[in-house]
Amino acid sequence: MTKNSLKNMETGFKVPKDYFENFEDRLLSELKLKETASHSGFKLPEDYFDSLDNKILDAVKKSNNTKVIPFLSIRKIAYATAVAASLILIYTISFNNNESLTINNIETVSIENYILTEGLETSDIASLFSEEDLSEITSVKNNLSSETLENYVLENLDIDELITNNN
Amino acid sequence: MILESELVEKLKSNTNIDGAFKELVILYKERLYWHIRNIVKSHDDADDVLQNTFIKVYKNIGNFKGESKLFSWMYRIATNEAITFINQKAKRLQITNEETQTIAINNLAADVYFEGEAIQLKLQKAMATLPQRQQLVFNMKYFEDLKFKDMSDILETSEGALKASYHIAVKKIQDYLTNN
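Residue numbers (the numbering used here), protein chains in the order written: chain A, 1 to 167; chain B, 168 to 347.
FYI, nobody ran anything at the bench for these hints, they're computed from the structure. All figures in this text were calculated on a predicted structure; none of them were measured in a lab. The beta carbon of each residue, even a glycine, is placed where N, CA and C say it ideally should be.
Calculated from the model, a selection of chain B residues having no Cβ within reach of chain A, i.e. all distances over 10 angstroms:
#, residue
1, 302
2, 325
3, 347
Which chain B residues stay away from chain A? Per the calculated CB distances, all over 12 angstroms, these:
#, residue
4, 232
5, 246
6, 269
7, 273
8, 298
9, 300
DSS-like mimics (lysine-lysine), calculated; alpha carbons at most 30 angstroms apart, straight line:
#, chain 1, residue 1, chain 2, residue 2
10, A, 55, B, 196
11, A, 17, B, 314
12, B, 256, B, 223
13, B, 226, B, 189
14, B, 258, A, 55
15, B, 189, A, 43
16, B, 179, B, 226
17, A, 55, B, 189
18, A, 55, B, 232
19, B, 232, B, 316
20, B, 196, A, 43
21, A, 32, A, 17
Same shape as in the complex, but just chain A (with noise of 0.2 angstroms):
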């Protein structure tokens, strides 16, 4: 190899497209920057690198005393699920017990569905009064006059069932 052929050789190397067209500019405008503040202007506490040590490695264990539970673990989301439900569930049988079934708490339509669906004995029906009750009703029935039994009797029945339950 000739030393011409040499220095024709191409060395491969390459540089970035307008390298050398900034390279002052950026040299120099970082160098001027430099020269007006270098430093940033913050200063420490006298000493404070030397009790530092000692200060982080407390607030290490500290923290690390005070151990960080993970506030959701599949396992507690499924324990709080399982709280929550039956939670809701106690709470509404509870709250349907206190309030007690009345004969005014239910729709008249619904009683009367029973009463006729479920073949009610008159023994059934008596069992639902009081002594108290009862007797208003045969007050009631006393108070009667025979002129009302009479126009009853004829507009409802007939004399054959009459009759017949005589027999």
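With chain A held as given, fit chain B onto it using these hints.
Quick look at chain B alone, frame taken from chain A:
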């Protein structure tokens, strides 16, 4: 001086983890402090963030995979902690991050831990006009004198992009200082 890889091994094994951690703190406290201080500006805030950074390092050393250098990993944690700190402060005060930074810089004038020269304050104000990422790049190169290669590791950005970002930052700051 102890090798970084040896330190990582010690920290990951359960024997004498506290001793190894102390070595780590001694090794990195100053560098990380300045890195954080340049972002959050006030000494007290930097002190808080630095402690949180080391607590995080201690708790997560088991997750350190060794793909990046321990140094880059810790710088990354410190950067995240500092930026999170600013974001939380902004949220608490219900203002933007930029406004939080402006307040922090305005407080510097009265800060006992700031050399009250006009030019330094002006430089901080000039930096505050840059986007957060450019500020970070500028701080790391200009004040902390980190290598672009290391910065590339820490910020997970290509060296070329970082260099471009830095030069733009320098130019903008220079312009600000000339015009104000």
